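Sequence order for the protein chains is U and V.
Number 69 in numbering that gives the first Met the number 0 belongs to position 70 of the first sequence; there are no gaps in the numbering.
Number 114 in numbering that gives the first Met the number 0 belongs to position 115 of the second sequence; there are no gaps in the numbering.
Calculated directly from the structure, the hints in this document are not laboratory data.
One should not assume that every hint holds.
The following label-pair restraints were derived from C-beta to C-beta distances [to be verified]:
id: 1; chain 1: V; residue 1: S63; chain 2: U; residue 2: R36; range: 23 to 29 Å
id: 2; chain 1: U; residue 1: A197; chain 2: V; residue 2: D42; range: 31 to 37 Å
id: 3; chain 1: U; residue 1: K207; chain 2: V; residue 2: K83; range: 28 to 34 Å
id: 4; chain 1: V; residue 1: P40; chain 2: U; residue 2: V156; range: 25 to 31 Å
The following residues of chain V were derived to be distant from chain U, with all beta-carbon distances above 10 Å [unchecked claim]:
id: 5; residue: N47
id: 6; residue: Q50
id: 7; residue: Q54
id: 8; residue: Q57
id: 9; residue: G58
id: 10; residue: S59
id: 11; residue: A60
id: 12; residue: S63
id: 13; residue: E81
id: 14; residue: I84
id: 15; residue: L93
id: 16; residue: Q96
Just so we're clear, the structure is a prediction, and the values are computed from it rather than from any experiment.
Don't be surprised by glycine CBs; every beta carbon is placed ideally from N, CA and C.
Take a look at the letters that make up each chain.
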Amino acid sequence: MRRWLVFAMAVSLWLAVSACAPTATKKEAFPGMYQERPLSILVLPPINETTAADAKEYYSTTLAEPLSYMGYYVFPIEVVMDMMQHEGAYDTETLMNVPPQKFKEYFGADAVLFVRITKWDTAYYVIGGHVTVGVDFHLKSTTTGVDLWKYDGILQVSTGGGGGGGGGGLAGLIVQIVVTAVNTATADYVPIAKRANAIVISTIPTGKYHPMHGQDQDTRVIKRK
Amino acid sequence: MRRLALSVVAACVLLSACAKAPLTYNWGEYSSSLYKLKKDPSDENLQNHKQALVQIIQGSAQQSLRVPPGVYAEYGYILVKEGKIEQGIKYLDLEAQTYPEAKVFVERVKAQAIQPPNEKEQKQ
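One chain only, chain V, in its complex shape:
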C-alpha cells in the first residue's frame, strides 16, 4: 500500500512537471459566434456576436475573472461603429484599464473610430 502511495506521488510530480498551472478566462461562445459572423455577415449574426461579447464580460465578472484580452475593446469598437460613441468609448477605456499595455492601441482606435476616414465602408 505504501509503495502504491509512493508511486502516486511520483506520478504527480512527473506529470506536474509537464502540466501547466491553469490560467482561466471565460471566452464563452466567442469563437463560434465570430465564425458564424464571418461565414454570414448578417445583422442577426452581428447581434449574436455582440451578445456573446456581453456574456463574456458578465460571466467573467460573476466568476471574478479578468475579462479576456481584447473583449472590451472589440465590443467597444462595434458600438462606436454603430454610432454609440459614448458607450463604445467606455468599453475601450475599460480595455486600457484592465490591460495597461493596451493603452497606445486604445488611443489609436479611439482616434480612428471617432473620425473614420471618410468612407461609408464596412464591407463584410
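Here chain U stands alone, though its shape is the one from the complex:
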C-alpha cells in the first residue's frame, strides 16, 4: 500500500515537473517586462482575423479577469471600447500605426495590448466536430514603444456527441450527426476562449498586485515565436 503511494507520488511529481516543461525563463523571454515593470494595461478592442463577425464582441468579455489575476491594472475594456467608438477608432487595425506613446498621454496606460483572434471556428465531421479558438497577444510599452510580451495559443476542443456505444446502424449514424450538428451549433466559444486565455496569459510576468511580483524571473515558460 505504502509502496503504491510512493509510486503514485513519484508519478504525480513527474507530471508536475514536466507540466512546467521549460525552454526559457520569463526573464529571458520577456526582459522588457522586468526593466519597465508596467502597472497598467490598456486592452484595445480585439482584432478579428476570422470570418465570425461576432467573435470580437464576445471574445472581449473574457480578457479582464485573467489579466487582473496576473496582477495588472486593466482599464475597463467596455468603457475603452465605447470611448474609442466615439473617437471613430473602433477598429484596432487603424490604431496599429498610432505611436504607442499616445496611449500614455490619452489614458495614462503603461502598456497597450493588441489581441488578435486568429481562429474562431467549428468543424463538422460525420461523427464529431470541434471548436477552435486561436489568440495572439502583443503587449507594447507606451514609454519606449518596445515589445514587452508576446504570446499566442490555439485551443481545439472536440464537440462530438458522447461517442462510443458502438452499433446503432444507419439510424444511429443519423442521430449522431444530428447530435453533433446541434452540439456544435450551440457550442459556446467563450468557455474555450477562456481556457485559451488562461494558457497564454499565464506566461506574462506578474504585475504589481500579484504576490509573486518581481520574483518570477526564473519561472519557466514554453518559448513561442
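Chain U is already provided as a structure; the job is to place chain V on it using the hints.
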C-alpha cells in the same frame, strides 16, 4: 513513514515552484452577464449586468477584497450614460482612489462622458 513525510515535503517544494500564490478578486457574474448583454443588448440584460457590477462591489467589501480593476469605472460610466451624472462620477472617482494609475483615464472619461460628442448614439 519518515521517507513518506520527506517525499511529501519534496513534492510541496517542487509544486510550489510552479504554483502561483493566489491573488483574489470577486469577479462574481461579470463575464457571463456581460456576454449576455453583448449577445442581446436589451434593457433587461443591461440591468442584469449593472446588478452584477453592484454585487461585485458589495461582495468584495464583505470579503475585504479590493474591487477588481475597472469595475467601479464601468459601473460609474453606465450611470453617467443613464444621466445619473453625480452618482456616476462618485464611482469613477472610486476607481481612481482604488487604483491611482487610473487617474488620467478617469479624468478622460469624466470629461468625455459629461459632454458627450453631440450624438445620441449607443448603438448596441
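Which of the stated hints cannot be reconciled with the structure, identified by number in ascending sequence? none
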